[in-house]
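Chain order of the listed sequences is A and B.
In case it helps, this note's numbering puts the first sequence at residues -13 to 345.
In case it helps, this note's numbering puts the second sequence at residues -13 to 345.
Hint data in this document are derived by calculation from the structure and do not stem from the laboratory.
These numbers come from a predicted model, not from an experiment.
Careful: at least some of the hints might be erroneous.
The list cannot tell twin chains apart, which means a pair is met if one copy fits it or any two copies do.
Here are the simulated lysine to any residue pairs, SDA-like style, with alpha carbons at most 20 Å apart [claimed, not checked]: (1) Lys221 with Gly83; (2) Lys236 with Ser147; (3) Lys221 with Ser159; (4) Lys236 with Leu163; (5) Lys29 with His7; (6) Lys106 with Glu28; (7) Lys85 with Ser32; (8) Lys236 with Ala177; (9) Lys221 with Leu107; (10) Lys85 with Lys106; (11) Lys29 with Leu163; (12) Lys85 with Asp148; (13) Lys236 with Gly262; (14) Lys221 with His308; (15) Lys106 with Phe(-12); (16) Lys106 with Asp270; (17) Lys236 with Val268; (18) Lys236 with Tyr150; (19) Lys85 with Gln206; (20) Lys106 with Asp149; (21) Lys236 with Asp64; (22) Lys29 with Ala185.
Number of protein chains: 2
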Amino acid sequence: MFASLQNDTFLRACLRQPTEHTPIWLMRQAGRYLPEYRATREKAGSFMGLATNTDYATEVTLQPLERFPLDAAILFSDILTVPDAMGLGLSFQQGEGPKFARQVRDEAAVAALEVPDMDKLRYVFDAVTSIRHALNGRVPLIGFSGSPWTLACYMVEGGGSDDYRLVKSLMYSRPDLMHRILDVNARSVAAYLNAQIEAGAQAVMLFDSWGGVLADGAFQQFSLAYSRQVLSHVKTEHGGVRIPRLLFTKGGGLWLDEIADAGADVVGLDWTMNLGAARARVGDRVALQGNLDPNVLFAPPQAVRAQARAVLDSFGNPAAGHGHVFNLGHGISQFTPPESVEALVDEVHQHSRRLRTAA
Amino acid sequence: MFASLQNDTFLRACLRQPTEHTPIWLMRQAGRYLPEYRATREKAGSFMGLATNTDYATEVTLQPLERFPLDAAILFSDILTVPDAMGLGLSFQQGEGPKFARQVRDEAAVAALEVPDMDKLRYVFDAVTSIRHALNGRVPLIGFSGSPWTLACYMVEGGGSDDYRLVKSLMYSRPDLMHRILDVNARSVAAYLNAQIEAGAQAVMLFDSWGGVLADGAFQQFSLAYSRQVLSHVKTEHGGVRIPRLLFTKGGGLWLDEIADAGADVVGLDWTMNLGAARARVGDRVALQGNLDPNVLFAPPQAVRAQARAVLDSFGNPAAGHGHVFNLGHGISQFTPPESVEALVDEVHQHSRRLRTAA
Chain A
-13 MFASLQNDTF
-3 LRACLRQPTE
7 HTPIWLMRQA
17 GRYLPEYRAT
27 REKAGSFMGL
37 ATNTDYATEV
47 TLQPLERFPL
57 DAAILFSDIL
67 TVPDAMGLGL
77 SFQQGEGPKF
87 ARQVRDEAAV
97 AALEVPDMDK
107 LRYVFDAVTS
117 IRHALNGRVP
127 LIGFSGSPWT
137 LACYMVEGGG
147 SDDYRLVKSL
157 MYSRPDLMHR
167 ILDVNARSVA
177 AYLNAQIEAG
187 AQAVMLFDSW
197 GGVLADGAFQ
207 QFSLAYSRQV
217 LSHVKTEHGG
227 VRIPRLLFTK
237 GGGLWLDEIA
247 DAGADVVGLD
257 WTMNLGAARA
267 RVGDRVALQG
277 NLDPNVLFAP
287 PQAVRAQARA
297 VLDSFGNPAA
307 GHGHVFNLGH
317 GISQFTPPES
327 VEALVDEVHQ
337 HSRRLRTAA
Chain B
-13 MFASLQNDTF
-3 LRACLRQPTE
7 HTPIWLMRQA
17 GRYLPEYRAT
27 REKAGSFMGL
37 ATNTDYATEV
47 TLQPLERFPL
57 DAAILFSDIL
67 TVPDAMGLGL
77 SFQQGEGPKF
87 ARQVRDEAAV
97 AALEVPDMDK
107 LRYVFDAVTS
117 IRHALNGRVP
127 LIGFSGSPWT
137 LACYMVEGGG
147 SDDYRLVKSL
157 MYSRPDLMHR
167 ILDVNARSVA
177 AYLNAQIEAG
187 AQAVMLFDSW
197 GGVLADGAFQ
207 QFSLAYSRQV
217 LSHVKTEHGG
227 VRIPRLLFTK
237 GGGLWLDEIA
247 DAGADVVGLD
257 WTMNLGAARA
267 RVGDRVALQG
277 NLDPNVLFAP
287 PQAVRAQARA
297 VLDSFGNPAA
307 GHGHVFNLGH
317 GISQFTPPES
327 VEALVDEVHQ
337 HSRRLRTAA
């Protein structure tokens, strides 16, 4: 059993219930921009050493909360744990992104794919439970996974990509193989997120980091359809408590209407989308999360505060039925000065309270 | 004096006049995917050696037209010639993108910027005239430049970037300096495009390759406003002949309405935008150019043809007042099989004729 929640602002905003301020958390908030993170990472020896060790994962998840009054914690892990558990061999070279030892590019590799035994991901569920205990009810804990399409990008490319040439070549040449990969991914991700919820995650987020690289038409068929499949199989409540489900599509603004109908409670937006226009478009179907450009955090504190107010003002006063969760439009940069985060969190809390009083 | 034009389909489509088929050309059509280009590049020794030599630039510009019945030629050059002429020292390392020897990051560097003497860009205007003669009226010649914002990205970053951290840091910290860079760029680009028109360019295109990385609000202020400034100073006709002006913003779909009012005759779109929806949105304000995903060209010819038809069908039958220029949504990949381009050009011509007959 876990301690009862002291700050449920984030969960209420996700469910479009009234809140006293706009909750804020930051994608990749436990990360390299914090010296204490870099120290723990050093002790762990490698990124996967950090992510697979329950104590380290717990330690770094809580680090940003010690510095800033954030309204949610997010599991420290990686979006690619599922294909790693499928046996593709995930590693992180120093200074580079993720790499898979084995790529999924031909009929045989696709045929060999299976939903992994969730026991191979036990380290993630153990971390969730450990973090939940360590949080002791301060703020809710968010679990997450990469979306089926985003996982497929890495599985086919074998790592990051500039042009998504290999994964799109497969998609346009052999859509049958791509659909099989995506179906295995969708079933795996649904099982993975449900196990995180059972282990203690109080909300879950699907990162469709590369949905926005697809053409109109292909996005709906190869990305959104499988995010929808995941969401239709992920628990909406656990132990009688609602579990909000968030879907973030980087570069997905053009498809906001369709994304809002995918079954998520919250849609995450990047900075290219006007938040007021987005709110008008989705109405009371979903709450919105976002959408400050992370590069704003390289400006002086007064400019950070002004840009934070602009995002809040663009959303407007959150009346009943319109939830807003403040976030960046992408993960925080490793070069970010922590003082900028301090100014940001403070301004979001202060200004969003003012907006509610002024209304 | 130049020979009279035999195929003006592209120019008519730009001006939303009736055409017998949908014209097609490809961004970066004279490029590394062609073995004959690589041979000329080898002779020239370097990319800039190629771009600054009138004979080589003429040779490679015409190469794709020898293979494929494309409806336009585009000057072989680079989007960064203008900041090079400002004295920033452009070079291309083997296998890497462009690099500037000197970056524009502080007050002193910004203050030193000036509209370059157009004589330093004489090699470009000479190439335009030479190509125009060599084309001998086959198809129209398009001139081009990077947009003020896109040039500024490279000038501040000193080269390509994953996150645009330096240029956005400057923009958010010192908007006054950024506006000064953009104003110098806009005046330079306008003079540069006008000189290309005087040298023989029959249409000009502004590449806002990195407009789409900006936040809503910042895009309008730092990118679109300066593209508009350029377009308001670029000739709309020369020697009594209309000169269509094209504006391409990668990732600009969300701002299509505003882009359509920037003063261009044609708006270029990438593959994320639904072309039918875009056409409905812009009405008869502008023609549209695009928008096949270049990665489609890695599929077998039959799949290439099917995807080309899907783009044409999405736009629909070009009735009076709705022009469509077929293109990719980004430059063609160096790994593209030339046979795919053959299938694409043929299908666009055939299917677009069928669409007109069926109507």
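Hint-by-hint comparison with the structure:
1. Lys221 with Gly83: neither (31 Å within a copy, 47 Å between copies)
2. Lys236 with Ser147: Intra 15 Å, inter 18 Å, cutoff 20 Å: intra and inter.
3. Lys221 with Ser159: neither (35 Å within a copy, 44 Å between copies)
4. Lys236 with Leu163: Answer is neither; intra-copy 25 Å and inter-copy 30 Å both fail.
5. Lys29 with His7: Classified as neither; 37 Å inside a copy, 65 Å across copies.
6. Lys106 with Glu28: neither (25 Å within a copy, 52 Å between copies)
7. Lys85 with Ser32: Answer is within: at 14 Å inside a copy they meet the 20 Å cutoff, but 33 Å across does not.
8. Lys236 with Ala177: The answer is neither: 24 Å in one copy and 37 Å across copies each exceed 20 Å.
9. Lys221 with Leu107: within (19 Å within a copy, 63 Å between copies)
10. Lys85 with Lys106: within (19 Å within a copy, 45 Å between copies)
11. Lys29 with Leu163: Classified as neither: same-chain Cα gap 41 Å, cross-chain 43 Å, threshold 20 Å.
12. Lys85 with Asp148: Close inside one copy (14 Å) and across copies (18 Å); limit 20 Å.
13. Lys236 with Gly262: This pair counts as within: shortest intra-copy Cα distance 18 Å, inter-copy 23 Å.
14. Lys221 with His308: Intra 23 Å, inter 48 Å, cutoff 20 Å: neither.
15. Lys106 with Phe(-12): Neither. Shortest intra-copy (25 Å) and inter-copy (71 Å) distances fail the 20 Å Cα cut-off.
16. Lys106 with Asp270: Neither. Shortest intra-copy (39 Å) and inter-copy (58 Å) distances fail the 20 Å Cα cut-off.
17. Lys236 with Val268: Within. Shortest intra-copy distance 17 Å satisfies the 20 Å Cα cut-off; inter-copy 25 Å does not.
18. Lys236 with Tyr150: Classified as both; 15 Å inside a copy, 16 Å across copies.
19. Lys85 with Gln206: neither (27 Å within a copy, 38 Å between copies)
20. Lys106 with Asp149: neither (32 Å within a copy, 34 Å between copies)
21. Lys236 with Asp64: Classified as within: same-chain Cα gap 17 Å, cross-chain 29 Å, threshold 20 Å.
22. Lys29 with Ala185: Neither: 26 Å inside a chain and 64 Å across chains, both beyond 20 Å.
Of the numbered hints stated above, those contradicted by the structure are hints 1, 3, 4, 5, 6, 8, 11, 14, 15, 16, 19, 20 and 22, listed in ascending order.
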